Each structure stands twice: as C-alpha cells, then as structure tokens.
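Peer 1: Which chain is which? The protein sequence lines are A and B, in order.
Numbering follows our numbering, in which position 13 of the first sequence is assigned residue number 13; successive positions increment by one, without gaps.
Numbering follows our numbering, in which position 166 of the second sequence is assigned residue number 166; successive positions increment by one, without gaps.
In case anyone wonders, no lab produced these hints; they're calculated from the structure.
In this text, all values refer to a predicted model and were calculated from it rather than measured experimentally.
Worth double-checking, as some hints may not be accurate.
Because identical chains cannot be distinguished in the list, a pair is counted as satisfied if it fits within a single copy or across any two copies.
Lysine-lysine pairs mimicking DSS-like chemistry, simulated, CA-CA at most 25 Å apart [claimed, not checked]: (1) 134 with 251; (2) 169 with 19; (3) 211 with 302; (4) 247 with 258; (5) 19 with 42; (6) 217 with 42; (7) 191 with 247; (8) 54 with 191; (9) 247 with 169; (10) 191 with 170; (11) 191 with 148; (12) 302 with 148; (13) 148 with 185; (14) 54 with 217; (15) 76 with 251; (16) 12 with 258; (17) 42 with 252; (18) 247 with 42; (19) 217 with 134; (20) 247 with 217; (21) 217 with 191; (22) 19 with 217; (23) 169 with 134.
Number of protein chains: 2
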Amino acid sequence: MRIGLDAMGGDKAPECTVKGAVMAVNSFGYHVTLIGFENEIKRHLEGLSYPQEKIDIVSATQKIEMHEAAALSVRKKRDSSIVRGADLLRQGAYDAFVSAGNTGAVVCAATLSLRLLPGVDRPGIAVIFPTLIKPCMVIDVGANIDPKPLHLLQYGIMGDAYSKQILAKKNPTIGLLNIGEESTKGTDFVKEAHMMLRESKLNFIGNVEPKEVYSGKVDIVLCDGFVGNVFLKVTEGFADAAIVLLKRELKKSSMLTKLGALLTLPAFNTIKKKIDASEYGGAPLMGVDGSVIIAHGSSNAKAIKNAIRAAAENINHKVNKHVVEELQSY
Amino acid sequence: MRIGLDAMGGDKAPECTVKGAVMAVNSFGYHVTLIGFENEIKRHLEGLSYPQEKIDIVSATQKIEMHEAAALSVRKKRDSSIVRGADLLRQGAYDAFVSAGNTGAVVCAATLSLRLLPGVDRPGIAVIFPTLIKPCMVIDVGANIDPKPLHLLQYGIMGDAYSKQILAKKNPTIGLLNIGEESTKGTDFVKEAHMMLRESKLNFIGNVEPKEVYSGKVDIVLCDGFVGNVFLKVTEGFADAAIVLLKRELKKSSMLTKLGALLTLPAFNTIKKKIDASEYGGAPLMGVDGSVIIAHGSSNAKAIKNAIRAAAENINHKVNKHVVEELQSY
C-alpha cells in the first residue's frame with residue numbers, strides 16, 4: 001500500500017503531517033510519500049524512528065495557503081504540494097492521496113488531474129458523523145456549493161456503494177436534509193432532488209431534519225455543499241463552545257464540584273473520543289477517478305495517521321470500482 | 001399590556017400554553033387573550049389560580065397542524081387559532097401575538113393579515129443564541145428559505161435596530177454567514193449579499209463562519225432561512241445527542257464516576273440554562289407590521305411565559321417604530 005501525503009497541508013503542517021506519516025508507517029506498515037518543502041520535511045523527520053525504505057520525499061516548492069481562492073491557486077501554483085500530489089496519484093506514484101490543506105484547492109486539483117468517474121458530474125465530500133446508534137454519512141460537506149438536484153442523486157448512489165463496501169451496510173437508508181419532513185417543504189432545489197431520489201432505486205426514506213443525523217435514524221444524508229459545510233462547522237463550533245462553557249462553570253464552582261468534574265472525566269473522554277474528528281480519519285472525496293482523502297485543516301498527527309488509514313481502506317475495498325458499477329446500473 | 005396567545009400552538013398545547021399564560025399573568029401582570037378551542041382551554045384553566053379579569057378566551061374552531069403546508073392551511077382554515085390570532089392583532093384586540101404553532105403558517109398569516117413594514121420585502125425570524133461572550137442574533141432561521149440578497153440587507157437593518165433597542169448595543173457588528181471568511185467564498189447569492197452589506201451604512205464585519213456565532217465575535221449574523229433553520233436544528237440536535245451520550249456513558253461508569261456526575265450537576269444546570277431555549281423566550285418575526293413572536297414547537301409552560309415576556313419587551317421598546325426609521329434612513 002502506497003500513500004501520498006500533502007506534507008504542507010493543514011494548520012500544523014509540516015510538523016504534524018510528518019509525525020502522522022511516521023505513525024502510519026509504524027502502525028500499519030504502509031509506504032508514505034511526503035510531498036512538500038524538502039528541507040523542512042527532512043528537518044521534521046530527523047530524530048523520528050521509522051523504517052527508512054517506507055518513507056520518501058517528493059519536492060514541491062510551492063504551498064497553497066488555506067485562504068487562497070481554489071481555482072486560481074491551482075492554476076498558478078503548479079508546483080504546489082496539492083497540485084503535485086494529485087498529479088502523482090494520476091501517474092500511479094501511489095494508490096491514494098491525502099491532504100489536510102485548502103479543501104477547495106484539493107477538490108479542484110483532484111478533479112482537474114484525475115477527472116471524474118464515468119456517470120459523475122460533480123465530486124462530493126463525504127463525512128462520517130458519530131451518532132447515538134450508528135455512524136451517519138453526510139454528502140456533500142463542501143466540494144460543490146451550488147449543485148443541481150441530479151448531483152445529489154449521484155451522491156446518493158456513491159454513498160450507497162461506499163456504505164455497502166466500507167461500512168458493510170446491506171441496504172443503507174438515504175435521507176435528504178431538509179427543514180421539515182414533508183415532501184412539500186424546502187426550496188425548489190430540495191423538492192426536485194426529493195422527486196429524483198424517490199423515483200430512484202435507492203433506499204430513500206424521504207426528508208430528514210438535522211436532528212435525525214445525530215439520532216442515527218438514517219445511514220446517509222444528502223445535501224448541497226454549502227448547507228453540509230455549515231452543518232459540519234456548527235457541530236464543531238458548538239462542541240468547542242460547550243467545552244469552554246463547561247470548563248468556565250467548573251472554575252467558578254465549589255471544591256466539591258471540581259472533585260466531581262475530576263471523577264466524571266473518564267466518561268467525558270469517551271464522549272470526546274466519539275465526537276473527535278481525529279478518531280474518524282479523513283473524508284473521502286467521492287466521484288474523482290482516484291482515491292483522495294481530505295483531512296481536517298486542524299488535523300494533529302493522530303488525525304493524519306487516521307486519514308492515511310482511511311485512504312488505505314478506500315483502496316482495499318475498491319470503493320471506486322463499486323461506485324462505477326452502481327452508477328452504471330442506474 | 002395585552003398579549004394574544006395561540007392556545008392551540010405547539011406540541012404540548014393547549015395544556016402548556018394555558019399554563020404559560022397563567023404564569024405570565026401572575027408574574028408580569030399582563031392581560032392575555034387565549035385563542036383556540038374554548039372548551040379545552042376552559043378545562044385547562046380550571047383549578048389554576050389567576051386574576052380572572054386578566055385572561056379571556058376567543059373561540060377559534062380550527063387548528064393548523066404542525067405538518068400542514070403553510071399557505072394552503074392559512075387560506076383554508078380561516079377560523080384557526082393562527083389566522084384568527086393574526087387578524088385580532090391587526091384589529092387592535094391586543095398589542096402582540098405569540099404562537100408556538102406551525103411556523104410557516106404563522107409567518108404566512110401574519111404577513112397576509114398585518115402586511116409588511118414600509119421598506120421590507122420579506123419577513124425574517126430572528127433567534128438569539130447564547131454564546132461564550134454575549135448573545136448573538138441570527139436572522140433568518142426559516143421565514144424565507146429562498147431570499148434575494150436585498151432581503152439579507154433588510155434583515156441587517158432590522159437586526160441593527162432591534163439590537164440597539166432591545167439589547168442596548170451601541171453599534172452592533174453584523175456578519176454574513178458563510179463557509180469561509182474571504183469575500184470570494186460562497187455561492188453567488190452570498191457574494192452578492194456581501195457586496196450589498198459592505199456598501200451599506202451597517203457595521204458590517206464581513207463573512208463569518210458558523211463557529212463564530214458561538215464564539216461571540218459578532219452581534220448579528222445574517223443568512224437565508226434554509227441555512228439558518230439548519231443552523232438552529234443542528235445546534236438543538238447536537239445538544240440533545242450530547243446529553244444522551246453523556247447519560248449513557250455515566251450509566252456504564254463506576255460508582256465513583258456516578259458520584260462525580262452528581263457533584264457536577266449544578267455546573268451542568270447552569271450551562272443547560274444558558275443553551276435552553278425556554279429561558280430565551282420566543283423569536284421575533286421581524287418585518288411584519290405588528291408584534292409577532294414565534295415560540296418553539298416544543299415549548300413548555302415556562303417557554304410560553306418567556307415568549308410572552310419577549311412580546312412585551314418588543315412593544316415596550318417600540319422595535320417596529322425604530323426599524324421603520326432605520327429603514328427610511330437608508
């Protein structure tokens with residue numbers, strides 16, 4: 001298994017990307033190619049212990065920053081770690097590419113370099129949310145912020161194939177994110193997507209409200225990339241705020257409450273683990289002709305390691321092959 | 001102060017609406033008119049203690065259910081508590097109308113009956129979120145799911161007037177909800193709204209990401225009603241799920257952890273109060289020519305009481321007068 005990693009991608013790169021790569025090499029035995037500023041990467045590799053033959057470096061002299069406009073930066077920075085990383089995947093230098101860098105740029109570079117799978121008009125980012133019962137996959141969380149209803153149907157078919165292969169679900173249920181359960185609710189876009197999904201062969205259960213993503217009622221939830229991204233970021237923002245509030249309250253509290261907080265810590269940690277993105281690894285960029293995994297911009301080394309594992313799973317399960325087969329059957 | 005209350009609105013109506021009305025009467029001394037099924041209301045009033053002259057009942061023989069299509073139900077059910085409630089407000093039977101019923105129907109009935117304020121093209125629902133620092137107002141959370149950029153500018157002006165009057169903020173900051181801070185990010189709709197807001201006299205600080213709503217960086221956040229509704233419901237859904245997860249973990253835990261949970265309870269309750277919708281009262285329907293407050297469908301008696309208080313504040317501060325003045329100055 002050979003994985004390419006954008007060493008420059010993410011808020012804590014290249015320190016955390018390099019560390020994460022070494023962790024993945026040592027834990028899973030994969031080969032990892034680090035793409036980025038060669039000297040910086042070498043410096044961070046120094047002192048880390050790993051089998052030398054399992055990591056190599058491909059030099060890229062440019063870096064696309066997190067705030068840069070996606071299409072423009074991909075066009076201009078041809079020697080950036082993201083553009084080079086996608087190109088090397090196309091050329092077969094490795095089996096999958098992982099990046100925690102500028103999401104828009106990764107989507108753009110991957111689409112331009114790898115092209116889309118037959119039957120796919122737009123890529124979509126799939127994120128798996130932990131819920132009360134079982135994981136729930138939300139597509140799209142930001143690849144395509146102004147999709148057509150047909151794109152949501154394609155996301156549904158891709159998510160269905162993914163769930164069957166990777167999550168081993170037999171007949172995954174699919175819901176359409178909406179602000180009400182009735183089919184008459186929502187924008188014209190949502191209503192049209194509803195109709196297309198209802199007429200498809202998918203196990204479509206209708207509109208679902210945001211709370212049902214967390215309740216675990218449905219396996220796959222479809223939405224446009226703008227709404228999906230808001231969904232993702234509201235969850236993160238709220239979780240962070242809740243933890244800060246809790247800590248603040250505890251500071252104000254009596255010694256007895258503080259003692260209590262100390263005692264409940266193990267339970268909190270279990271929950272934190274459940275909602276912790278770094279445990280879940282990266283999000284597959286579905287629809288491009290190659291395995292691309294997008295990791296969170298704030299990824300630490302462990303999150304990078306898990307994103308690399310997610311990339312390997314993607315390949316092991318031949319997700320794209322199954323996606324193409326399922327798309328062709330429609 | 002005279003308030004009209006949709007006695008049939010909400011999941012727990014009329015029991016909770018009647019109780020909430022009595023609580024408001026006893027706590028604040030307002031007069032409350034209950035609109036709905038007369039016999040049911042009378043039955044629930046039985047045994048409750050309140051000054052008789054402070055509550056009266058207006059009979060309405062129909063009820064719009066939560067799942068009904070808004071426009072159709074308002075057109076057909078002319079003797080529903082929602083339609084009658086809005087009409088009575090227009091006729092001056094009371095100073096404000098409160099409903100925890102079908103939100104779409106309340107928006108529709110209020111718009112048809114009361115009409116919009118001069119300079120407003122669409123109403124918007126404003127919800128106040130508790131944050132780490134100060135409350136943050138989000139407009140719109142569901143009145144207008146397919147707005148034009150101009151409507152967002154109008155929401156900004158209305159929110160500005162509201163913040164100055166009710167929240168006593170001198171020069172409230174206004175942000176546009178987006179999936180990135182850069183002005184180049186987002187859909188065409190968002191980009192156009194961004195330009196209009198930047199050119200306005202409002203204290204516009206640019207795009208804000210969802211996490212910044214919770215961080216308390218900004219006073220007012222603008223978005224389309226679909227995205228705003230998702231925002232609201234993700235928050236609710238996640239908070240509910242987190243509490244269930246926590247309880248589940250605690251059940252599994254040792255006696256010591258359970259003891260800890262017991263000791264931290266006061267801190268949790270303070271936080272719960274902070275994020276508890278029932279503490280914050282209802283959401284003003286901004287832009288209609290009259291004071292209408294929308295309460296959450298799951299409102300308990302306390303939430304209804306607080307929504308009635310919110311309605312009274314709206315009137316006391318002459319919010320609509322200031323909104324009109326501010327709109328005219330643009």
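Peer 1: Decide, hint by hint, whether the structure agrees.
Peer 2: The hints, checked one at a time:
1. In this homomeric assembly, residue 134 and residue 251 come within 25 Å of each other (Cα to Cα) only across copies, at 19 Å, whereas the closest approach inside a single copy is 34 Å.
2. Proximity of residue 169 to residue 19 under the C-alpha cut-off of 25 Å is found in neither arrangement, the shortest distances being 33 Å within a copy and 47 Å between copies.
3. Only between protomers do residue 211 and residue 302 lie at most 25 Å apart by alpha-carbon distance; the minimum there is 23 Å, versus 29 Å within a single protomer.
4. Taking the shortest Cα distances, residue 247 and residue 258 sit within 25 Å of each other both inside one copy (10 Å) and across copies (19 Å).
5. Taking the shortest alpha-carbon separations for residue 19 and residue 42, only the intra-copy value of 11 Å comes in at or below 25 Å, while the best inter-copy value is 70 Å.
6. Taking the shortest alpha-carbon separations for residue 217 and residue 42, neither the intra-copy value of 47 Å nor the inter-copy value of 39 Å comes in at or below 25 Å.
7. Taking CA atoms no more than 25 Å apart as the test, residue 191 paired with residue 247 passes in neither setting, with 43 Å inside one copy and 37 Å between copies.
8. Neither within a single protomer nor between protomers do residue 54 and residue 191 lie at most 25 Å apart by alpha-carbon distance, with minima of 50 Å and 46 Å respectively.
9. Neither within a single protomer nor between protomers do residue 247 and residue 169 lie at most 25 Å apart by alpha-carbon distance, with minima of 39 Å and 28 Å respectively.
10. In this assembly of identical chains, residue 191 and residue 170 lie within 25 Å of each other by CA distance neither inside one copy nor across copies; the values are 27 Å within and 42 Å between.
11. In the homo-oligomer, the alpha carbons of residue 191 and residue 148 lie at most 25 Å apart both inside one protomer (11 Å) and across protomers (19 Å), since each shortest distance falls under that limit.
12. Taking CA atoms no more than 25 Å apart as the test, residue 302 paired with residue 148 passes in neither setting, with 36 Å inside one copy and 43 Å between copies.
13. In the homo-oligomer, the alpha carbons of residue 148 and residue 185 lie at most 25 Å apart both inside one protomer (18 Å) and across protomers (19 Å), since each shortest distance falls under that limit.
14. Proximity of residue 54 to residue 217 under the C-alpha cut-off of 25 Å is found in neither arrangement, the shortest distances being 42 Å within a copy and 45 Å between copies.
15. Taking the shortest alpha-carbon separations for residue 76 and residue 251, neither the intra-copy value of 50 Å nor the inter-copy value of 56 Å comes in at or below 25 Å.
16. In the homo-oligomer, the alpha carbons of residue 12 and residue 258 never lie at most 25 Å apart, since the shortest distance is 33 Å inside one protomer and 38 Å across protomers.
17. Proximity of residue 42 to residue 252 under the C-alpha cut-off of 25 Å is found in neither arrangement, the shortest distances being 46 Å within a copy and 46 Å between copies.
18. When the C-alpha separation of residue 247 and residue 42 is checked against a cutoff of 25 Å, the pair qualifies neither within a copy, at 39 Å, nor between copies, at 47 Å.
19. Proximity of residue 217 and residue 134 under a CA criterion of 25 Å is satisfied intra-copy only: 8 Å inside one chain copy versus 34 Å between copies.
20. For a Cα distance limit of 25 Å, the shortest separation of residue 247 from residue 217 across copies, 19 Å, qualifies, whereas the shortest one inside one copy, 32 Å, does not.
21. Taking the shortest Cα distances, residue 217 and residue 191 sit within 25 Å of each other inside one copy (21 Å), while across copies they are farther apart (35 Å).
22. For a Cα distance limit of 25 Å, the shortest separation of residue 19 from residue 217 qualifies neither inside one copy, at 37 Å, nor across copies, at 34 Å.
23. Proximity of residue 169 to residue 134 under the C-alpha cut-off of 25 Å is restricted to the intra-copy arrangement: shortest distance 11 Å within a copy versus 44 Å between copies.
Comparing the model with each earlier hint shows violations of hints 2, 6, 7, 8, 9, 10, 12, 14, 15, 16, 17, 18 and 22; every other hint is respected.
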